[in-house]
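Participant: Order-wise, the sequence lines are chains A and B. Taken in order, the first sequence gives residues 1 to 989; the numbers are from this note's numbering. Taken in order, the second sequence gives residues 1001 to 1191; the numbers are from this note's numbering.
Just so you know, not all the hints are guaranteed correct.
[What the hints assert, rightly or not] Cross-link-like lysine-lysine pairs, in silico, DSBU-like; alpha carbons within 35 Å at most:
hint, chain 1, residue 1, chain 2, residue 2
1, B, Lys-1025, B, Lys-1005
2, B, Lys-1137, A, Lys-19
3, B, Lys-1167, B, Lys-1134
4, A, Lys-444, A, Lys-486
5, A, Lys-321, B, Lys-1025
6, B, Lys-1005, B, Lys-1167
7, A, Lys-321, A, Lys-361
8, A, Lys-240, A, Lys-321
9, A, Lys-8, B, Lys-1167
10, A, Lys-8, A, Lys-144
11, A, Lys-19, B, Lys-1005
12, B, Lys-1134, A, Lys-8
13, B, Lys-1005, A, Lys-222
14, A, Lys-8, B, Lys-1137
15, A, Lys-19, B, Lys-1025
16, A, Lys-652, A, Lys-452
If you're looking for bench data, these hints aren't it; they were derived computationally from the structure.
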Amino acid sequence: MTSEQYNKVKEIFLAACEKPREEQAALVTQSADGDETVRLEVEGLLAEHNRGQAVIPDEPHSPMSSLLSRAGIHLSQAEQGEPVNNPDSLSAGGVLGDADTGSRSGFVDPGRFTAGTVVAGRYRIIELLGRGGMGEVYRADDIKLDQTIALKFLPRMFSQDTKWLERFHNEVRIARQVSHPNVCRVFDIGEFEGEQFISMEYIDGENLASLLRRIGRVSYDKAIQIAKQLCLGLAAAHDKGVLHRDLKPANVMIDGRGQVRITDFGLAAPVDQIRKEALRAGTPAYMSPEQLAGKAITVRSDVYCLGLVLYEMFTGKPTFKGETLRDYMKLHAESLPEAPSITVSDINPDVERVILRCLEKDPRNRPSSVLAVAAGLPGGNLLKEIIASGKTPSPEVVAAAGESYTGFRPAHSLLFLLAALACLVVAVLVAPNAFLVQQTIQEKPPAVLTDKARSILSDLGYTAPPRDWNGAFAINAAYYVYVQDKQTGPDRWESLTRPRPGLVYFWYRQSPELLMPFRSEAMAFEDDPPISRPGMINMRLDPLGRLISLHVRPEGETADIPLSDTPVTAAATSTQSGAGSQPSPTQPGPMDWTPLFSAAGLDPAECQKYFTLTEPRHLPPVYADSRIAMEGHFPEAPKETVRIEAAAYHGKPIYFTIIGPWRDSQLSVEQATILSMGTANLLVQTVVTMLLLLAGSYLAWRNYQSGRGDRIGATRISIAFFAFGFIVWVLRAHHVPDVILEFILFSRAMGSTLFPVALVWIFYLALEPYVRRAWPETIISWSRLISGQWSDPLVGRDALVGGLVGITTVVLTQIELLTPRWLSQSAPLPNVGAIVAMLHSASNFSTIFTSALSALYFGLILLLFLTLVRIILQRKILAAVAFIIVFVAATARWTPDSYMSWLTQTVIALLFLLLLGRYGLVAVIACILCRALLVDFPISPDFNLWFSTSSIVAILSVLAILGASFYTSLGGRPLFSLGELESPRTPPP
Amino acid sequence: MADNKEQMTQILEQIKGGDQKAADKLLPLVYDEFRALARHYLNQERPNHTLQPTALVNEAYMKLVDQTRVDWQGRSHFFAVAAQAMRRILVDHARSRQRDKRGGGRARVALDEAVALAPEKDEDVLALDEALEKLAKLDERQAKVVELRFFGGLSVDEVAEALGVSKRTVEGDWTFARAWLSRELRGIEPG
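Here chain B stands alone, though its shape is the one from the complex:
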């Protein structure tokens, strides 16, 4: 864990130093950490404990990053990556469950270490993921804003910092994306 921490902190420093590739190294670390944390909670806590993503992200941050060395911007970067990781976990999980259902009926749903999704909501997760992909093709940044806000729980300020754009831009993106996604998810396509 100590190694992880050192590694993570270094990566964040590299990102700050302008090394964009460093971000790619970050993702697997965060992803693993989420899974580990979730497993830990499932073993330790009561069965009905619902994991709180914000808490999870925060906790991962505490564990993975030496806060004395990482400043506010570093934190934003971390959360940006965390949001991505979280999205991936949720979508992967939803997919695997859909497969299970198609394959073996109800029987026993595999218990993911990260999150056990309510079956009726898998479609929602996948639909959102799909819509986001679609949006990303039209406007990459906009989709990123949604990902950070929605999956990472970042505030407008934090998103602006993580993406290096103005607060106003983020607000515009967010408003538009929400309307766009809403319409998309309702399936009301214009003719």
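With the rest of the complex left out, here is chain A:
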């Protein structure tokens, strides 16, 4: 060929390249102009050109690299022992899409398939990207979907092995379910000309091995980013039960946008079964000790490999340098890796710690999950990243959430502690004025009232010692409702606090048999068991020990009473004479009512002055042979007309009651609570409860199935609930000195204790994962707490703030109760439940445990409810408004004069929101607990009162909570140090 011909060939060739293929032939023939040599030459070159760039790649950058790296430098042949192949040239997946990848073989090696080959009628091969121990990888076009994908053809030796194929299919089946931005997706598998292939995502980028070769080591920030993405990708696969088994830098792709993609998930697994091949094909430099020893591979094996990758990424050096397989087996099994800080002196100590933990020889000493690894890495917000990737973080990760969640600075802690103490002092000083119980029951303790009751009974002729007895303070709920509805003005408070007619009374009952309550709650009951046995006596005294009511079920036989002799109404002319107008045949003397009325504090003179005799109207509950009735009012309550009725049998009083204008003296506390609440509160609470119950059971079931629920956490909380409930039962319930009967009581109590425990377990399982996903910042310290990290500074900080807010809400409530009275307006009435709780705790500080229970319970409810509202309403502001509305609707009083209540509850709702959003669940629980202790106990600064023990116990408990959380929040840091004062502590970069 002459030089002239050559020039012509080149000219025609280049011109033809510009044309579409179908026009090329015509152009060439025309341009060649009869010169056959030229025509044939051009056609040959065009054919070569059109078949793709299989021989010499048209890469814009570093085409030579393929040649060099293809050549691959290794020392193996120069050394003795088993040869170790170049890990990078053997990696199957780490070669996708970049000329710089180690095993790119674009030069002179077209691979099994040439460019343009259509595989399985669907994929057109574009080029060979690489080859390795696991086969060849091609870039290909998916003709059907018009997308670039990667095809990996597996080594022929495996394609024949049906057992291996089966395993391989299994693995791909699972790997296909892994969908995560940091995992290279596997699409499908197929067969072409007897060769097995996988189609997968094509990644246009560079693998980490090549990146490290190119730039030595990755910059700190970039390395942290890559490390976190690696963890997230691995976690997604581990979630589906897929282990990587062959993680190494060459299997980590980094695309143009810096996004990390892990390739070759689980593909090593089938190979792994054929150990020899595995070791030859795999890379002993990146294998865990257990893998090299042929032992079982777990998540923690991947953690080890992750550690190797991180080590290399941060230091630019491989963890171990060996040359033969035997070297590596020894190194991985025995050698301690050199500390990364030796190579990179300024490496963040947290990073170093995490890497070295991953590289522990014993799998049990490594982090239990890749997310735990990620959580241990500094910087960024792992939680946010996990949530952004659409996953639910595990409780472990929440607990370990980054360094940004640590406690206060000591000075802040101290500030909060002092503020809390100041509020506490105010709350304690104001309590006796603000709360009703302190003013009501301070005269006589239950023991004195019990003794008083017995002496009254003995005065009345009931001298037989009882087998069993019980007594406690309680409230006349009907009277409460009466005052609430009928009385207004600033003095209504006095109507409740005065002893008689008053809100609080003391009941005492005794029985010739053991009192076996039918209800199983841990309480003593006035009406359970009912007065069914002869000899049972129930009575009520006012707080000063005066008789309010008496019910006796008389003992003895009634056979001697003629049926015709119905008891004659005794309208006594004078209580002094105590005589019935018509003495009964069986009642020789006139009935002497004097001791009875004296027991009620009504001496004859007073009776005559304030009361007039009248016709008895109320039938006594048991048979009586003489009755008496009076109407009038007590000297201390001139406005309230009351009616006193009494009855006697065989000369002994068996019935005494004071009936006021209030509806029914037997109204139960539950009924009264409902009455005092109003329909709206009740409706809101019922609807909310019902919805939660339905949704909760369904979700719990689903979360249990999917393993998303925090079973360990749920169980721990349930155990706490059970333990507290049991302690309360032991301390508070009525026990009997009879093993069998006590066992029956115990079984019933177990029932009523276990039911709420089960509910808690279900609801925690149902809803906690949503919180963890939607709002995990709220349960960081909580997760730490229930995983046993009691002394975590963050737990302390949250509890301290919570305690402060809790005490603040008590002060708020006190202001709410006191302000109208200061303004001489109609005084708001305290909550019935609160009064009952306080009466209980006055004589029994098991209330500490009920307070703890309700704090746990309401804390969880608040959090779960608010999270649900947030999920449903999407917007934070909307959710906050909805929360406040529901909170106020459910807790504020619904009477027209209750503006203060509305105001206070709104402020408290806001405080709860703030607390939950800023400090989380632990803070809310601490808040409710401190509040409950100060509101459920009759707090008083007067330590001489009989209930001051309870008061002191409550105050000390609050102080203990504050002190412990303050101490914990310091986290061992000195309260004052010079450096602390000079410059604010900044976390290491």
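For this one, chain A is given, so just place chain B on it according to the hints.
Facilitator: What follows is chain B alone, placed relative to chain A:
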């Protein structure tokens, strides 16, 4: 090294000043530097470390040239020489190994300080070298384009700058050379 650097920079300035002979002085310097770098890596780094030619060339450039004094064109010239050096190293090495094999069987393959080539690829390197020589006889510039692109990792723009031709010419040369070499290496000679 400091002397080298000064010398190298001066040479590049001379090339820019039009002294074409200066380029010949450059080659041995670059060649030695590659070998030194490779030896350094083999001693320092892990055994399985594959040298990245681009990285190697870049590193040699950093070490050999005072970048504050050499501009973009100077850089292109340097890389042009580096590509030549790299090609020579690879080919020399492949030859010596082929000789070793013929001479003493497997035994111990001499470990070149620059690159230890995979044995099965020696033929490829030599074949490409041969084909390039052949192409150079037909069209010198075209072969140079391939050398720069393929062994030096230069972009089309850089090649155009180094050879002092238009970008379009380089593109044409590159396309044609690729087709020509492909056919050559496949051994499909037209009748």
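Participant: For every hint, state whether the structure bears it out.
Facilitator: These are the hints, each one checked on the structure:
no.: 1; hint: B:Lys-1025 - B:Lys-1005; verdict: 13 Å, holds
no.: 2; hint: B:Lys-1137 - A:Lys-19; verdict: 29 Å, holds
no.: 3; hint: B:Lys-1167 - B:Lys-1134; verdict: 24 Å, holds
no.: 4; hint: A:Lys-444 - A:Lys-486; verdict: 29 Å, holds
no.: 5; hint: A:Lys-321 - B:Lys-1025; verdict: 39 Å, violated
no.: 6; hint: B:Lys-1005 - B:Lys-1167; verdict: 31 Å, holds
no.: 7; hint: A:Lys-321 - A:Lys-361; verdict: 17 Å, holds
no.: 8; hint: A:Lys-240 - A:Lys-321; verdict: 33 Å, holds
no.: 9; hint: A:Lys-8 - B:Lys-1167; verdict: 21 Å, holds
no.: 10; hint: A:Lys-8 - A:Lys-144; verdict: 41 Å, violated
no.: 11; hint: A:Lys-19 - B:Lys-1005; verdict: 49 Å, violated
no.: 12; hint: B:Lys-1134 - A:Lys-8; verdict: 18 Å, holds
no.: 13; hint: B:Lys-1005 - A:Lys-222; verdict: 33 Å, holds
no.: 14; hint: A:Lys-8 - B:Lys-1137; verdict: 16 Å, holds
no.: 15; hint: A:Lys-19 - B:Lys-1025; verdict: 45 Å, violated
no.: 16; hint: A:Lys-652 - A:Lys-452; verdict: 18 Å, holds
Of the hints listed earlier, those the structure fails to meet are numbers 5, 10, 11, 15, in rising order.
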